[in-house]
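So the chains spell out like this:
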Amino acid sequence: MARLSDMNEPQRSHIANLPCPHFDKTPWTTGPELSRRRVAIISTAGLHRRGDRPFGGMDGDYRVIPGDTSANDLVMTHISTNFDRTGFQQDANLIFPIDRLRELADEGVIGSVADFHYSFMGAADPSNMASHAENLALLLSGDNVDAAFLVPV
Amino acid sequence: MGALAHYLEAKGIPTTQISLIYEHTEAIRPPRALWVPFELGRPLGVPDDAAFQRKVILAALSLFAAEKGPVLEAFPEEAPVFSENTAEEDTWACPVGFSPPREEETDLEARIQALMREVAELRPWYDMGLEKRGRTAMADFDPETAAGVLCDYLCGKDIGIPEKEISPAVALRLAAQDLKSFYFEAAISRPGAKTPDSKAFTNWYWTQTAAGQILKDIREKCANEEDRDLQMAGKMFLVPMGQ
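Chains as they are written, first to last, in this note's numbering: chain P, 239 to 391; chain Z, 10 to 252.
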């Protein structure tokens, strides 16, 4: 269904024609084996804690989601109305798979789960996210994260 | 999404990501990406299926083993289908019957009253669903307030929430989102209700409910606003494309 060819107009053209930022090179950072990595979720679903500031526009900023946030305290204020939200309503792990990561950590498949996770609102212009992302990289380093798992919506 | 991976990786944080639109990821060339064939809004495929979600996550995390990039792989499985709807059933057979409108009301009053009756009739099912699941996706408003914000806007009242720095345009969007969340959670909590797939729910909400009609009315009103944020909200953020 996320195949462009399966979408109806006008959504197909809208998505196909979204401008994509251009990068001359792809950066590459190495790390240890998966079983020793510390994983954080970086969502672009416009998620935040209940009571935190709703996403209001195209600022490109993010919200902090502590790893112990309960599913009922996790809400979504992404601006788009053109994607399904009923799946998230049934199971927050569909978009923010914190329970799955904990299971993988308990089994030793990954090293550990970060204390803090983050969400942007993906409709923002990527160039507006750049400075926020650089700040976020420092926070992830401070939490010893060496595996950022980026999950769109 | 791909741009974020560039920014983080360039600052020393290894990244891997899910990709929902292959063409975008192919153009942006992030370090590691797993394209999945799932619908927008369902990056791990299917709700309440831990085993399937785990497979998707492991496929994305396994890309850390690649020695060089960019890596863009495709997840080989479609999402499992649990829906009770068949392809021919475009409209969900929702077991919610709403009271008919009364005749003496003006057009606008009738539409507002129809919405308020729907909200009142769904409220007990929403409450029971919330108690059972322990969770609601309603983010900012209770059901009556969400409906009230939308009706107040149609009646020409000020709906901004200055103390929370929420503009009228943002208030409309948040109320619209919360109202739709309320309808879904209430409707699936009725006795005998099956959980619809996203298409069936969308068709029901936008063609069979007073809430869907009110939001389309608001879209029209927004088009004539001087406030550009309200114009944009009406055009883009309240009603899905094609509805």
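You may find that some hints are simply not true.
Said to hold, decoys possible - Stretch by stretch, here's where chain P covers chain Z in the computed footprint (C-beta under 8 Å, at least three residues):
{"hint": "1", "segment": "23 to 35"}
{"hint": "2", "segment": "162 to 168"}
Unchecked claim - Have a look at the derived ranges for each label pair, beta carbon to beta carbon:
{"hint": "3", "chain 1": "P", "residue 1": "R291", "chain 2": "Z", "residue 2": "D167", "range": "15 to 23 Å"}
{"hint": "4", "chain 1": "Z", "residue 1": "R132", "chain 2": "P", "residue 2": "D244", "range": "32 to 40 Å"}
{"hint": "5", "chain 1": "Z", "residue 1": "Q252", "chain 2": "P", "residue 2": "G305", "range": "36 to 44 Å"}
{"hint": "6", "chain 1": "P", "residue 1": "S379", "chain 2": "Z", "residue 2": "F107", "range": "48 to 56 Å"}
{"hint": "7", "chain 1": "Z", "residue 1": "Q252", "chain 2": "P", "residue 2": "R288", "range": "52 to 60 Å"}
{"hint": "8", "chain 1": "Z", "residue 1": "D236", "chain 2": "P", "residue 2": "S379", "range": "54 to 62 Å"}
{"hint": "9", "chain 1": "P", "residue 1": "S379", "chain 2": "Z", "residue 2": "D116", "range": "33 to 41 Å"}
{"hint": "10", "chain 1": "P", "residue 1": "S350", "chain 2": "Z", "residue 2": "M125", "range": "47 to 55 Å"}
It is worth saying that the hints were derived from the structure and are not from the lab.
Note that the Cβ used here is the ideal one computed from N, Cα and C, for glycine as well.
We went through each hint and held it up to the structure:
no.	hint	result
1	23 to 35	holds (count 11)
2	162 to 168	violated (count 0)
3	R291(P) <-> D167(Z): 15 to 23 Å	holds, 21 Å
4	R132(Z) <-> D244(P): 32 to 40 Å	holds, 36 Å
5	Q252(Z) <-> G305(P): 36 to 44 Å	holds, 37 Å
6	S379(P) <-> F107(Z): 48 to 56 Å	holds, 54 Å
7	Q252(Z) <-> R288(P): 52 to 60 Å	violated, 28 Å
8	D236(Z) <-> S379(P): 54 to 62 Å	violated, 42 Å
9	S379(P) <-> D116(Z): 33 to 41 Å	violated, 59 Å
10	S350(P) <-> M125(Z): 47 to 55 Å	holds, 50 Å
The earlier numbered hints that this structure contradicts are 2, 7, 8, 9.
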